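Colleague: Build the full structure now, drawing on both the sequences and the hints.
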Amino acid sequence: MEEKFDVLNERGEYTNKIETRENCHKKGLWHKAVALFIINSKDQVLLQQRSSEKKMWPNMWDITAGGHVLAGEFGFQSIIRETKEELGVQIDKKDLTLIGSSISSQTKGDIINNHFNEYYIANTDIDETKLIFQKEEVSNVKWMNKDEIIKRIKNNYEGITDKQGCWEYLIKYYEWKENQ
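Residue numbers (the working numbering): 100 to 279.
Hints were generated in silico from the structure; no laboratory data involved.
Check the hints yourself; a few may be wrong.
Using 16 Å as the maximum straight-line C-alpha spacing, the simulated EDC-like pairs for lysine to aspartate or glutamate come out as follows [what the hints assert, rightly or not]:
#: 1; residue 1: 153; residue 2: 236
#: 2; residue 1: 153; residue 2: 261
#: 3; residue 1: 116; residue 2: 172
#: 4; residue 1: 276; residue 2: 246
#: 5; residue 1: 271; residue 2: 246
#: 6; residue 1: 154; residue 2: 236
#: 7; residue 1: 207; residue 2: 152
#: 8; residue 1: 234; residue 2: 184
#: 9; residue 1: 241; residue 2: 227
#: 10; residue 1: 234; residue 2: 161
#: 11; residue 1: 183; residue 2: 226
#: 12; residue 1: 207; residue 2: 261
#: 13; residue 1: 141; residue 2: 226
#: 14; residue 1: 154; residue 2: 209
Fair warning: this is a prediction, and the values are worked out from it, not measured in the lab.
Modeller: Here you go:
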């Protein structure tokens, strides 16, 4: 069954319209997306390597989990669902910290991604060898430290997705944490 999204206007307000993923991306309709960074007790981020089958950013290292918010969902519900689907990890609402939101507009090939994004952190230690990957989405995972992520961002997103808002909010989170 094809995913359906709530269509938003340019201000992020609900339009009371629902469209398929395909139509949202074909027509450039605004919709919601979520991103999660799981950070362990060593302050490392669990990154996933996108499947080679993905239309956007195949084989690139990416956020821990993320995706689109389905029609009728809140962002936190979506990130809980996406984390379970992609990695087999059950995250609870109480584990999530919303660290920011942004808008993004990006075209890659025939996909027009107009998103209102929400960014979440979950601080928890996970044994990456026990994860269950959704093969269509994820091919591998690894823990990466802040300095390595920043180095890759500064080097034109070397080996990682160029989802600028996601990485900027992660860096802001680290800066905030250092000043606590």
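Colleague: The structure should be examined with respect to each hint, and the outcome stated for every one.
Modeller: Right, here's what the structure says about each hint:
{"no.": "1", "hint": "153 - 236", "result": "holds, 7 Å"}
{"no.": "2", "hint": "153 - 261", "result": "holds, 15 Å"}
{"no.": "3", "hint": "116 - 172", "result": "holds, 14 Å"}
{"no.": "4", "hint": "276 - 246", "result": "holds, 15 Å"}
{"no.": "5", "hint": "271 - 246", "result": "holds, 13 Å"}
{"no.": "6", "hint": "154 - 236", "result": "holds, 10 Å"}
{"no.": "7", "hint": "207 - 152", "result": "holds, 15 Å"}
{"no.": "8", "hint": "234 - 184", "result": "holds, 10 Å"}
{"no.": "9", "hint": "241 - 227", "result": "holds, 7 Å"}
{"no.": "10", "hint": "234 - 161", "result": "holds, 15 Å"}
{"no.": "11", "hint": "183 - 226", "result": "holds, 15 Å"}
{"no.": "12", "hint": "207 - 261", "result": "holds, 11 Å"}
{"no.": "13", "hint": "141 - 226", "result": "holds, 13 Å"}
{"no.": "14", "hint": "154 - 209", "result": "holds, 10 Å"}
The earlier numbered hints are all upheld by this structure, with none contradicted.
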